[in-house]
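Protein chains: 8
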Amino acid sequence: MSEVVFDWDRGARIGIGEAVLCAGKSEAQVAGILRDARDRRAPLLLTRLDPALAERLDGLEYDAVSRTGWINPAPDRATGAICIVTAGTSDAPVAREAERTLAFNGHAAEMVFDVGVAGLHRLTARLDAIARHRVVIVVAGMDAALASVVGGQVPGVVIGVPTSQGYGAARGGETALAAMLASCAAGVTVTNIDNGFGAACAALRHLRGWSDG
Amino acid sequence: MSEVVFDWDRGARIGIGEAVLCAGKSEAQVAGILRDARDRRAPLLLTRLDPALAERLDGLEYDAVSRTGWINPAPDRATGAICIVTAGTSDAPVAREAERTLAFNGHAAEMVFDVGVAGLHRLTARLDAIARHRVVIVVAGMDAALASVVGGQVPGVVIGVPTSQGYGAARGGETALAAMLASCAAGVTVTNIDNGFGAACAALRHLRGWSDG
Amino acid sequence: MSEVVFDWDRGARIGIGEAVLCAGKSEAQVAGILRDARDRRAPLLLTRLDPALAERLDGLEYDAVSRTGWINPAPDRATGAICIVTAGTSDAPVAREAERTLAFNGHAAEMVFDVGVAGLHRLTARLDAIARHRVVIVVAGMDAALASVVGGQVPGVVIGVPTSQGYGAARGGETALAAMLASCAAGVTVTNIDNGFGAACAALRHLRGWSDG
Amino acid sequence: MSEVVFDWDRGARIGIGEAVLCAGKSEAQVAGILRDARDRRAPLLLTRLDPALAERLDGLEYDAVSRTGWINPAPDRATGAICIVTAGTSDAPVAREAERTLAFNGHAAEMVFDVGVAGLHRLTARLDAIARHRVVIVVAGMDAALASVVGGQVPGVVIGVPTSQGYGAARGGETALAAMLASCAAGVTVTNIDNGFGAACAALRHLRGWSDG
Amino acid sequence: MSEVVFDWDRGARIGIGEAVLCAGKSEAQVAGILRDARDRRAPLLLTRLDPALAERLDGLEYDAVSRTGWINPAPDRATGAICIVTAGTSDAPVAREAERTLAFNGHAAEMVFDVGVAGLHRLTARLDAIARHRVVIVVAGMDAALASVVGGQVPGVVIGVPTSQGYGAARGGETALAAMLASCAAGVTVTNIDNGFGAACAALRHLRGWSDG
Amino acid sequence: MSEVVFDWDRGARIGIGEAVLCAGKSEAQVAGILRDARDRRAPLLLTRLDPALAERLDGLEYDAVSRTGWINPAPDRATGAICIVTAGTSDAPVAREAERTLAFNGHAAEMVFDVGVAGLHRLTARLDAIARHRVVIVVAGMDAALASVVGGQVPGVVIGVPTSQGYGAARGGETALAAMLASCAAGVTVTNIDNGFGAACAALRHLRGWSDG
Amino acid sequence: MSEVVFDWDRGARIGIGEAVLCAGKSEAQVAGILRDARDRRAPLLLTRLDPALAERLDGLEYDAVSRTGWINPAPDRATGAICIVTAGTSDAPVAREAERTLAFNGHAAEMVFDVGVAGLHRLTARLDAIARHRVVIVVAGMDAALASVVGGQVPGVVIGVPTSQGYGAARGGETALAAMLASCAAGVTVTNIDNGFGAACAALRHLRGWSDG
Amino acid sequence: MSEVVFDWDRGARIGIGEAVLCAGKSEAQVAGILRDARDRRAPLLLTRLDPALAERLDGLEYDAVSRTGWINPAPDRATGAICIVTAGTSDAPVAREAERTLAFNGHAAEMVFDVGVAGLHRLTARLDAIARHRVVIVVAGMDAALASVVGGQVPGVVIGVPTSQGYGAARGGETALAAMLASCAAGVTVTNIDNGFGAACAALRHLRGWSDG
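Protein chains in written order, with the numbering used here: chain A, 1 to 213; chain B, 1001 to 1213; chain C, 2001 to 2213; chain D, 3001 to 3213; chain E, 4001 to 4213; chain F, 5001 to 5213; chain G, 6001 to 6213; chain H, 7001 to 7213.
Just so you know, these hints were derived from the structure itself, not from any lab.
Note that beta-carbon positions come from the ideal geometry of N, C-alpha and C, so glycine has one too.
Please note that a few of the clues may not be correct.
Claimed, not checked - Here are some chain H residues pointing at chain F (derived, C-beta under 10 angstroms):
id: 1; residue: Ala7023
id: 2; residue: Ala7031
id: 3; residue: Gly7032
id: 4; residue: Leu7053
id: 5; residue: Ala7145
id: 6; residue: Leu7146
id: 7; residue: Val7149
id: 8; residue: Ala7170
id: 9; residue: Thr7175
Whole structure, please, built from the sequences with the hints as guidance.
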């Protein structure tokens, strides 16, 4: 029952490589999509892919931190346009999902880890380097204060990704999400909680407009 | 007590004209900022400005629908890069706040009104025209389904602005906000509820990267 | 303690075959109800039935995707009146629960999978076929935008079933539920989250009126 | 700015007379739609229409309890198919909005007021009469228990409309809404809080299928 | 660290036998309290006691449905004053916790199971018998409509216990709790979700006043 | 439209004098009920009655603090069984609603004001006097800690009434409500927020059982 | 009814001058407390005092920004120990309530306005001066990021006061509150939303320990 | 990927020993930080450290109740300034986390267990001893009433730590958190749910100011 009806044209239509969210899909469904992609020699990115399932899939390049796997990624285009910044060590898996999604589409991102605002000097020492990028993705949980500070200092595109890190009043990322949305830094936009993939796709939407210009 | 310490350099720093959110500020504070801007011959955009207060301020170009006023706006740069789309008639004030913020910064936006998905033909008839823009701002309340449909069809940057329209389960815009964040269209980012100003600022961040390229 | 007092007359009273929600019931309770039904040669539908428990029950026709089992289902009445539409692959279990509930009551439903609005052409290609049915059940999670689009195009009864698919701002189906309730498409009604069974029962209520007419 | 782009074909498409939610629209917008309808000699229903505004509009048949107005309603088709039931006195405005929407579309509904379950005998005395209708709309606030009782006794279509009546834990209708969704009566579907209009539209969707049969 | 400082006088002070909520306590803590009670030959009721832990405790009379255990319960006082009513099969564990707490304190309760309002005749057939009790405890989840119906028909004390049964909009018992609090039946009071113990203690408070009179 | 169908027998059935919640009812509806009661020479209590409306109603004994009015109250039965305790000055209107409801039914309550736990000595000085009553109603907002302290010291019936006093995290009484429900004092039951009327009705249910004994 | 029972000893007991929250109290109650204090020649601070009411009270020193009034404040003790920092112009009334409460108790606070993190240079320029104080009160709404940055740089006591400024996802201060609680800066504690008075009282508790040392 | 960039200077900057929250960090990350600290002979406190992981780390002094481990703690400074008070047995792990954090920094705290307000005499017997400390940390879940009572009696610093103990309306600690924030006791500040570490750090911030005085 319920064969997957995959939207192979979406990539062409909105310029983002084919990607599948594996959470909520059965092993048979994921394996079927992968087989189909391999037959078409199409690029395919699998996100939220369980490590145990990944091991049972052939020929996939898998990254355990971000739980992403791919076949036929794009060659690196060396744009140097994107920077990904994290507040704390626990935000790394989400940041890595964004990095991998960008790499799959040909954009190596510069990574700046662990510059949460409680240690302000770590951040200020890196701000000029961060601000030189066209797109900055800020990955932060708990109070997500990093997005406001970066948004106030960086002239380019700033995309906030709240993470589900923290406990109690962090409310599984809802607080970080709301704080980024209510940020006093003008023009920061936000993705869903833990959605590193979505932030990367937003960056790709921007880059297309720019590189086609 | 409590004189306003205004951040006149932010405009230069992140490339967005000086703007002040008037909600929560006293008449004296708003009038003081305006006087200061006029003395410096600086551009100034006032948002969420009460019509009654606007009438008492001299020399302001005021728009009642969006409740915005300005002095010394930038000349139009005729980029044609931005489109603002609304789902319903009641979303117009928020869309207009975005339009005015862009105009103040020199970008006339193309406006597409009342293309909510319940009347799908109105939308599909306009989709090609919408998709030609580098940045599309989608303003929608209630179920905010428009953001997902546009996000799936438009290759450029798509920014969702949830509005507080609707009643009951619309929850003052929280449902539209959550629906946009959970959208199945990849790479749509979101602003705070009713934040047309923020969406425009995000668009300006995107355009800078592009026009400087 | 606490023998089950089963309401065997409800089926006769409101015209829906006997059904039992197994979640929250002990194995002894479920087995007892099943034995009782078999003794009476009564039709019985078991929903939310754990696969491990299903294996220990004799003579049950079990479906693992929907986690439903039955004995003595009604023969198919070939009405062709009902269509079930899903937005994404992960919505299949809920759609299948609705389909099985209808089949148990003698109505084979037409299934249309994976027509979420982010790939609008997949949906528009099927809309005429969907619109021909007297009752359309729309199963969708995350932003649930599909219910609004279908509700705006289909003249018959449209029942929305929000699913718990998605993460973060999807809030376990609460966002899909609220979005369907706040939908701009007039006359769409909604069931509880993941309640495929309830949607099927609502469809049966509609069909009775019609087929008796 | 922002002329209203009205969807005059929707009525034809989904078989529900043209209707406009006036909340959130300016007086100029509402007056414009009304003028347009009058010029076309089209039927038009206005909901959530402020009494003060209604007085300034010409030739409108206005009902203050439901805050609805119309021109060119359909003649009564005497179907006798629909019953509207309320739990308490305060639910009357929402019930009346449903009644007026049905009447505008040619269906006079039977009204049963004030049969909340705390006075069970008032309800049981009316249950047989209620159960004879093809569609029963249950309007109830606070605990909304009436929907479950009616849903368990009536074989036809049962549509629940939670109302915003009550205080404290009634939470502006959220409790009634959730209680109806979680109802133990199978096949009851639900509309948004206070959405009498939507419940009537759902009834019309059902009746079309039936009367065309 | 952190020896338990137990309040052995509370029973004497407010007339309720010593009881300990085991959830959140370590095995050593529970065993220590039990040993202490046995040494004093004091009555002791343990609630929310894990079955695996119960097996490792000596000389405890344990009931697996309610997850309660006791030593030295009071002899039955045959008051016949209390009735416990449940809506559905899944509410039995909570009802049983109330029943066991009452029995531990010398009051055998009359149990009426599975009289949820969706099968109204099951309830009405029992209402006169229920109404003869001085205290009626109503245990119900999901929409909790039973509390309102019983509250409207029973002249004595009515205590509602919402249960965490149900899914989706049932929200782990929050909906049942809110619905009981917002009930239209006057003078129904409510305990925490799943708090059968608390309802029994409230009944004991009522009975003391009465039997001492 | 929508005449009120009043349940005049409820008083006889559950032993509580006729009462009407005026919030949400029109002036015509309230006046009609009052006229009807006067014609029947029946007792009638009106709660949540606006002062301006009260002035326009004839022959009503009105209390502005509790916003209650009555005709034909019961004579005082001098039971001395009930005590009402408040935490702070702002809780007085709710306490007064309970007091008036009891007085209308023939029970003068003892009032103990302003014994919130932050000034513990004020409370401990009164605890013995409070504990002598069969029923203690605790009216408290904000953290509602008073209910727990009283519940732990008083052997009789303890009914908590959370009030909507306070700001921010008090959340309009939701925090007081939740804190009372989660109270560590066994057997405290709770009414809806600000529901002094309901607490009084619960006390009346108890007293009937006792005085009939 | 309900005379105020004022706790005149609390000041002596916990070392904070007598203060009364006027919100929720009637004019007669406030006037009575003031008269009583004046008769005793006691210091008295009134908070959340409506300006219109303040005008009708004699001999009160009133501040309209903070809506506080006092009689007989303590002389300034020139400790220089406390600094109050605000993020934005709209946070001033809350900061001023803290400042006034401190002044009433003999502590003039140093005020640092408008150093929200979106303009980081304004803050970093002041950080050394801020860090020299024993107690720093941080008043911030929206994302409340300022508390985290200050908490990470200041060695002394840091108390966060979330404000209700902002709209949409700011949720009336709930987001600022949660963000401060989830802050990555260790040892920052938090008061209720808009509770400048409470923050000042906490500072007084800290200072007592210190000045008594 | 993602090496940890540790902020070794924070301790010096704000005077709190180096501490790491292990939840959300991988074993490799935790082990790396520990190795680094050992190489520097630096003090290090690990919180929320899984017992299984703790066993695999060498030379760590681990406490299973609080799930904390340390190397190189500070010698005890015998200040006797701090008291930690708990409401119930289940609050011990959080209290112990605070105690261990203080001990790691050289401050042995006095512990007062199980003085929840439902057994008021246990608390009042200890209040004088509690009130002699400069800082009192109150650890309480469910209704958290203890914080209000202590806050009203103790003149020194009072820091509330809500715990996640309880079920249903306790909402994982949210109710305790809100109740503490809304407390009627002036000047009580609050940490995140279960944040014993944070409360200890706040106490350390206070003590530094005091001991340096």
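Would the hint on glycine 7032 of chain H stand, with a C-beta cut-off of 10 angstroms toward chain F? Violated, about 39 angstroms.
Against chain F, with CB atoms and a cut of 10 angstroms, does the hint on valine 7149 of chain H hold up? 5 angstroms, holds
Is the interface hint satisfied for alanine 7023 of chain H? The criterion is a beta-carbon contact with chain F at less than 10 angstroms. 25 angstroms, violated
Verify the interface restraint on alanine 7031 of chain H: the C-beta must sit less than 10 angstroms from at least one C-beta of chain F. 40 angstroms, violated
Does alanine 7145 of chain H meet its interface restraint, that is, does its C-beta lie within less than 10 angstroms of any C-beta in chain F? 3 angstroms, holds
If you take the shortest Cβ to Cβ gap from leucine 7146 of chain H to chain F, is it below 10 angstroms? 8 angstroms, holds
Hold the hint about alanine 7170 of chain H up to the distance rule: shortest CB distance to chain F must be less than 10 angstroms. Result: holds, 4 angstroms to nearest chain F Cβ.
For the hint on leucine 7053 of chain H, does the least C-beta distance to chain F fall short of 10 angstroms? Interface hint status for leucine 7053 of chain H: violated (33 angstroms vs cutoff 10 angstroms).
How about threonine 7175 of chain H: closest beta carbon in chain F under 10 angstroms, or not? Hint on threonine 7175 of chain H: holds, closest Cβ of chain F at ~4 angstroms, below 10 angstroms.
Hints 1, 2, 3 and 4 from the list above are not met by this structure, while the remaining hints are.
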